[in-house]
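**Student:** Spelled out from the first residue to the last, the chains are:
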Amino acid sequence: ETGVTQTPRHLVMGMTNKKSLKCEQHLGHNAMYWYKQSAKKPLELMFVYSLEERVENNSVPSRFSPECPNSSHLFLHLHTLQPEDSALYLCASSQEADTQYFGPGTRLTVL
Amino acid sequence: DAKTTQPPSMDCAEGRAANLPCNHSTISGNEYVYWYRQIHSQGPQYIIHGLKNNETNEMASLIITEDRKSSTLILPHATLRDTAVYYCIVRPSNTGFQKLVFGTGTRLLVSP
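Each protein sequence line maps, in turn, to chains A and B. Using the numbering used here, read the first sequence as starting at 1 and increasing by one per residue. Using the numbering used here, read the second sequence as starting at 1 and increasing by one per residue.
Pulled out of the complex, with its shape left as it was, chain B reads as follows:
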């Protein structure tokens, strides 16, 4: 019951920007957009999240469209270690322990 749609796979050359899209057309006003990634057989790693405004941290930037129906995760200078499955998740911002619904994500392959 994932509420997001992502391309199954993407390729990126090392050193270039990786732009990972996510559609969440049914997002509600109180739902955040979260991004995690999972490197093979490891635990998911939190990357970034946002509600309405674009966000940037040391790992990535998150661009959310004005209507909030889609977003893009940007890795500005991809490295080989960024090869992973990237998950876009929407979850409510209200209290209550909402489970994170991980879909199938986007498998990003960064090549030399």
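With the rest of the complex left out, here is chain A:
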């Protein structure tokens, strides 16, 4: 238990669906991150939020839309995804740029 929770843990969606991934951290951190881990590939950073402001967007397609309503919650809104977007989506948090702690991930399958 790292203090970072993610829901749902598994998600299957069609290409025309709209869904959201949720991340919550209970560590009092002020930065949150979304990473993507595709099969047989290293983790890729998608977005970074610091004090609820987006500070990094690593050329992620617009079909992924992050939202950070407060320092404890982070969402990733998904729409019109492609099968190649199937992956493990990981949330992490940190205090400033210090050690990042990861959640358990959401396993996403796009049909």
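If you are wondering where the hints come from, they were derived from the structure by calculation, not from laboratory data. Glycine included, every Cβ here is placed at the ideal spot set by N, Cα and C. Just so you know, not all the hints are guaranteed correct.
Pairwise CB distance ranges (calculated) [to be verified]:
#: 1; chain 1: A; residue 1: 15; chain 2: B; residue 2: 76; range: 45 to 55 Å
#: 2; chain 1: B; residue 1: 16; chain 2: A; residue 2: 82; range: 39 to 49 Å
#: 3; chain 1: A; residue 1: 107; chain 2: B; residue 2: 8; range: 21 to 31 Å
#: 4; chain 1: A; residue 1: 26; chain 2: B; residue 2: 39; range: 15 to 25 Å
#: 5; chain 1: B; residue 1: 21; chain 2: A; residue 2: 16; range: 14 to 24 Å
#: 6; chain 1: A; residue 1: 42; chain 2: B; residue 2: 74; range: 20 to 30 Å
#: 7; chain 1: B; residue 1: 92; chain 2: A; residue 2: 5; range: 24 to 34 Å
#: 8; chain 1: A; residue 1: 39; chain 2: B; residue 2: 79; range: 20 to 30 Å
#: 9; chain 1: A; residue 1: 5; chain 2: B; residue 2: 16; range: 30 to 40 Å
#: 10; chain 1: A; residue 1: 107; chain 2: B; residue 2: 17; range: 26 to 36 Å
With the hints as your guide, set chain B onto chain A.
**Tutor:** Below, chain B alone, put in the same frame as chain A:
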């Protein structure tokens, strides 16, 4: 663009020490060495980090060579639950949200 080199796989007998090496010959003076591990299909778990001195916590020990070009993560008494992929990462200690660059890591298999 990982700046570390690790063996792709290692085996260890349960109860024995697991010594996982990492080469980071281009490490800069302000870069920390971090270790994470990832058990199949779970999120990476932070283990330990260090700058110059050796470090120890309840999970592991980190030995950094004097020239800082390599390090070893030591799990003193490996258990079956330590089977995972172990990642050695270098990252700057200055402010700024540096992404963690995970390479391919070392797949550690602990056997009975």
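**Student:** Indicate, hint by hint, whether the structure satisfies it.
**Tutor:** For each hint, the structure was consulted:
{"no.": "1", "hint": "15/A to 76/B: 45 to 55 Å", "verdict": "holds (49 Å)"}
{"no.": "2", "hint": "16/B to 82/A: 39 to 49 Å", "verdict": "holds (46 Å)"}
{"no.": "3", "hint": "107/A to 8/B: 21 to 31 Å", "verdict": "holds (24 Å)"}
{"no.": "4", "hint": "26/A to 39/B: 15 to 25 Å", "verdict": "holds (21 Å)"}
{"no.": "5", "hint": "21/B to 16/A: 14 to 24 Å", "verdict": "violated (48 Å)"}
{"no.": "6", "hint": "42/A to 74/B: 20 to 30 Å", "verdict": "holds (24 Å)"}
{"no.": "7", "hint": "92/B to 5/A: 24 to 34 Å", "verdict": "holds (29 Å)"}
{"no.": "8", "hint": "39/A to 79/B: 20 to 30 Å", "verdict": "holds (27 Å)"}
{"no.": "9", "hint": "5/A to 16/B: 30 to 40 Å", "verdict": "holds (34 Å)"}
{"no.": "10", "hint": "107/A to 17/B: 26 to 36 Å", "verdict": "holds (33 Å)"}
In this structure, only the earlier hint numbered 5 is contradicted, and the remaining ones agree with it.
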